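Just so you know, the sequences run in chain order U and H.
No gaps in the numbering here: position 22 of the first sequence is 22 in our numbering, and each next residue is one more.
No gaps in the numbering here: position 181 of the second sequence is 181 in our numbering, and each next residue is one more.
Don't read these hints as lab results, they were simulated from the structure.
No experiment lies behind these values; they were computed from the predicted model shown.
Any given hint could turn out to be false.
Computed Cβ-Cβ distance ranges for the label pairs, DEER-style [stated by the list, open to error]:
id : chain 1 : residue 1 : chain 2 : residue 2 : range
1  : H       : Asp165    : U       : Gly98     : 44 to 52 Å
2  : H       : Ala249    : U       : Asp258    : 16 to 24 Å
3  : H       : Ser217    : U       : Ser293    : 37 to 45 Å
4  : U       : Gly89     : H       : Lys3      : 50 to 58 Å
5  : H       : Ala101    : U       : Gln241    : 27 to 35 Å
6  : U       : Gln241    : H       : Ser217    : 47 to 55 Å
7  : U       : Ser109    : H       : Val270    : 56 to 64 Å
8  : H       : Leu106    : U       : Ala97     : 46 to 54 Å
9  : H       : Asp50     : U       : Ser303    : 34 to 42 Å
From the three backbone atoms N, C-alpha and C, an ideal C-beta is built for every residue, glycine too.
2 protein chains.
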Amino acid sequence: MIKTRASEILNIKYPILMGGMVWVSNSELTAAVSNAGGLGVIGVGLMDQDTLVKEIDAAFAKTDKPFGISFPLARPDYEMMLSAALEKGVKVVVTSAGNPAKAANLLQSAGVVSIHVVANVKMAQKVQDLGYTMVVAEGYEAGGHNGRDEITTMALIPQVVDAVDIPVIAAGGIADSRGMVAAFALGAEAIQMGTRFAATLESPLHENFKQAILNASDTDTVITGRKFNDLTRVIKNKLSQEILEAESAGTDPNQILDMIGIGRTYKASVEGDVVDGSVMSGQIAGMIRELKSVQHIVNELVSGLQPVMHTVSQRLL
Amino acid sequence: MIKTRASEILNIKYPILMGGMVWVSNSELTAAVSNAGGLGVIGVGLMDQDTLVKEIDAAFAKTDKPFGISFPLARPDYEMMLSAALEKGVKVVVTSAGNPAKAANLLQSAGVVSIHVVANVKMAQKVQDLGYTMVVAEGYEAGGHNGRDEITTMALIPQVVDAVDIPVIAAGGIADSRGMVAAFALGAEAIQMGTRFAATLESPLHENFKQAILNASDTDTVITGRKFNDLTRVIKNKLSQEILEAESAGTDPNQILDMIGIGRTYKASVEGDVVDGSVMSGQIAGMIRELKSVQHIVNELVSGLQPVMHTVSQRLL
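In isolation and in its complexed conformation, chain U is listed as follows (with noise of 0.2 Å):
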């Protein structure tokens, strides 16, 4: 057991947090992650509430350990969402894109574990000041979407450990126990992956966006919609190539979120179109080469940490 406040509040072994991914984050890599001792979440994304009480049913057949939710506030249908996983039994919501007030007041009168993902110092305190329980700081170099002020990780996380007194969730780049160490030196109670536990077994993913992550190197992400104000990070494709020309172009936004249509993400997630699709990933990809049980990769991860540790603790001390 790694005792930090993040686990002790989270009431889990380890303080290793899974993203919450559209169309990746379902009831059974929830479990897995769970079972293994970090804390699965939900990705509730646009799913309808049928299928989310059912996940939410799902996940507690498959696990007694606790689990979360994680969930888009631009929803317009939040509260009726909210309210349907809080009535299931749901203890951790981790919420993102959109208002952090929007939520807080429904989630601390239902007494769960609040968590709200933030890119920026600002937002974090505002966070802390609306009585959430913790913040997962999300540096630039994280899949999927991103801040627009481009913070990495790296910068991010000691300078909001600095700002805030709750505990802070390092996100963005990590996926072994070096980024683990790295995250906790920085001043994180805890980490969350989500391409690392994305590129699992486990994970619903199609083989063919698997198999993007693990062929990805280094280089291999880019971020799109600068233009259009929704910063994603994926793995270059034809798809990325032509909203990248078209931001380049100087097209108008709205004709490129004309051109980009709906259903990229469920196009490369669930169809395996990683040609026209959206594969979202993280700069870490270039790190993952080979697909792994959850388990595994939980024990490789926590195994790991005493061996960075004195590899550290030889060259500084």
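Given the coordinates of chain U, assemble chain H onto it according to the supplied hints.
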């Protein structure tokens, strides 16, 4: 003394290098860093040969400790300039901004410690194959000129460490003991800092520039130059706004370069015009709140390592 391969090769007390900074890392700041136990480097930038030779002489006069020069290989007269420096007895050369193959033979036949700055894995491997002694791996959060791949320190360092056998020096987003421990956790054997040494009492930067670093928050730097392939991280001001607006409007890159003209870094660094000048700085500026002496910074950094390691051990082990 902190013993790593890097500090032993460089024969320095602490594996802490100063990044080469145009108009900043002069002989005085170089000597200050070297006298404090790190490795100062004279930033050659656009210096003419006379100035370079005088600066090297001045550094030798101010310190009996090892120091180096930081050399942009994009200079057409690189061979003449490098030869002049080597003749003066310079023993460490950090090259960047250009093809490392150009200088490899010259540096190796001179028998000096050669270090090249890279921003991705492939280039790190090339640098090793060319026979360089070490590599600086610099992340996207770093100030000034940046690689095109936007790989952050957190994602870059472990991937470079896995790919080469020569010592890796981590740069980008490091300004205190937490950052140094994090860099070592990721596998680095030394760190390089720019912005932190730029904001010191000994730094020759104009006071307005130093004040801009002290005033900056985490969100106050931005990358300009994507459109003309010269990604440069600066503190946001009127100039950066103008460049970004022109880039966003799809203005011809050459027209933007004409608008910028030359001398914008001099304007900010020497003349103190932080409105129309280029105020190069890393994202970690948000963490820097006070001007201190170089010795003070190095002492704090080194004495803070043990407490950081203690906290991490307590939490993780």
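Going through the hints against the structure:
1. H:Asp165 with U:Gly98: 44 to 52 Å: This hint holds: roughly 47 Å between Cβ atoms.
2. H:Ala249 with U:Asp258: 16 to 24 Å: Holds - the Cβ-Cβ distance for Ala249 of chain H and Asp258 of chain U, about 21 Å, lies within 16 to 24 Å.
3. H:Ser217 with U:Ser293: 37 to 45 Å: The hint (37 to 45 Å, Cβ to Cβ) holds, given that Ser217 of chain H and Ser293 of chain U are roughly 42 Å apart.
4. U:Gly89 with H:Lys3: 50 to 58 Å: Holds, at about 54 Å.
5. H:Ala101 with U:Gln241: 27 to 35 Å: The hinted range 27 to 35 Å holds for Ala101 of chain H and Gln241 of chain U, with Cβ atoms some 29 Å apart.
6. U:Gln241 with H:Ser217: 47 to 55 Å: Cβ of Gln241 of chain U to Cβ of Ser217 of chain H: about 34 Å, so the range 47 to 55 Å is violated.
7. U:Ser109 with H:Val270: 56 to 64 Å: holds (58 Å)
8. H:Leu106 with U:Ala97: 46 to 54 Å: holds (53 Å)
9. H:Asp50 with U:Ser303: 34 to 42 Å: For Asp50 of chain H and Ser303 of chain U the Cβ distance comes to about 58 Å; the hint is violated.
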